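*Asks:* Below, each chain spelled out in residue letters.
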Amino acid sequence: MHNSSRSIALISLFAALIAVFGLIPKIDLPLGVPITLQTLGVMLAGCLLGPQRALQALALFLAAVALGLPLLSGGRGGLGVFFAPASGYLMGWPIGAFITGWVMAMLPTTSPRSAAISAFIASAVGGLLVVHMLGVVGLVHIANLSWEQALMGTLVFVPGDLIKCALCATVVHTVARGLPDWRFGG
Amino acid sequence: MGSLYSEQHTWLHAVPASVKLACLALLGTGLFLTDQLHTLLVTCVCCIAILISLGKAAANTKPFLIGLAFACGLIAGFHLYMQHPTLAAITVLRLVSTSLMGVMLTLTTRYSDLLHVFERLLSPLTYMGISSKQLALQLALMMRFTEHFFVLWRRLDDAHRLRTGKSGGFKILAPLTIQMLVAAHRVADALHLRLRR
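Chains H and Z supply the protein sequences, listed in that same order.
Taking my numbering, the leading residue of the first sequence gets 1, the next gets one more, and so forth.
Taking my numbering, the leading residue of the second sequence gets 1, the next gets one more, and so forth.
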């Protein structure tokens, strides 16, 4: 199978998977913090596609959002969301996916167990740390919050995102068992 | 997959997509460069007036506006608590103006028209070997498969419910991902035959 067709298919289908995650109802934590699955999509894209394809899948998804498709959780979309306080997180998705893929490519994936552990580490670095870092930058610049306020605000979402890292590791473990030929990290 | 575009025709629908996009880019950048309260206030009032002038077409934006009001209230609360009322006003006015401009563009511009503008903007990239046509193909594929995978998710959820009596929740994530990856292979085969690459 030629690489270009495979890339087009994987990038489009992963962008579609992230869109589907936005359609699945969110889960509310006891503190009222919602867990939406779309950041899990960012982590999975990085772990399963590798850095470049993951970046492209997220860029494609965000392009579709910018074009007005209601693909973000809660049916949000359009250019308005890129000016909202949380836009730093949105812009962090492609970069977070890239870093996740890059870290995943550096870590061992020889067995399902090692792939799952690597996926947890990679998604914690790219999907959690990088996305939250850029989210904080967005909050500071768009909402004019201080760094301390923005950090406090983002910390509330960390427990939910750690659950997503564990979920990502579980999915990667299943994929490693179900599709043994799959090349993690691209 | 439906867009947030409103079929209810308004005066803003008649303005070309490229003009609206250019206005958004220029005004959006300008708003982030200025700290003058009166300039931001005038722009914000203008944006609200334009949104109101769209009439019933703007009804679709209600959920977004509620979310925006909540975010603005939260941010203003933070700044007022820190004794920075001017900063609160500047931030909220800037946020409301830029968000409303983005919403109005989406509301009054067809997806295909925006895609056409993006394709034209990206066309210089063809000299670097990047095809803007590929973007259109990937968007079409993505939209086609969003619905397909959502149906698949519901089918897996129903199957899980039949077996266990409970909703599948996160447990069906892994089978969904595997089915998606298998589907990607099939789609890549079909694309290879059609595109010859």
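Mixed in with the good hints, there may be bad ones.
Said to hold, decoys possible - From the structure, some residues in chain Z lie toward chain H, with a derived Cβ separation under 10 Å:
#, residue
1, Leu68
2, Gln83
3, Arg161
4, Phe170
Just so you know, the hints here were simulated from the structure itself, not pulled from any lab data.
If you're wondering where the values come from, they're calculated on a predicted model, not measured in any experiment.
Glycine residues also receive a C-beta, built at the ideal position from the N, C-alpha and C atoms.
*Asks:* Grab the minimum C-beta distance from phenylalanine 170 (chain Z) to chain H and call the hint holds if it beats 10 Å, violated otherwise.
*Replies:* 6 Å, holds
*Asks:* Using 10 Å as the Cβ threshold, decide whether leucine 68 (chain Z) counts as touching chain H.
*Replies:* At 7 Å from the nearest chain H Cβ, leucine 68 (chain Z) passes the 10 Å test, so the hint holds.
*Asks:* Please verify that hint: arginine 161 (chain Z), Cβ, nearest Cβ of chain H, below 10 Å or not.
*Replies:* Given a least distance of 15 Å, the restraint on arginine 161 (chain Z) is violated.
*Asks:* Hint glutamine 83 (chain Z) vs chain H: min CB-CB distance below 10 Å?
*Replies:* 12 Å, violated
Going through the hint list in order, the structure does not satisfy hints 2 and 3.
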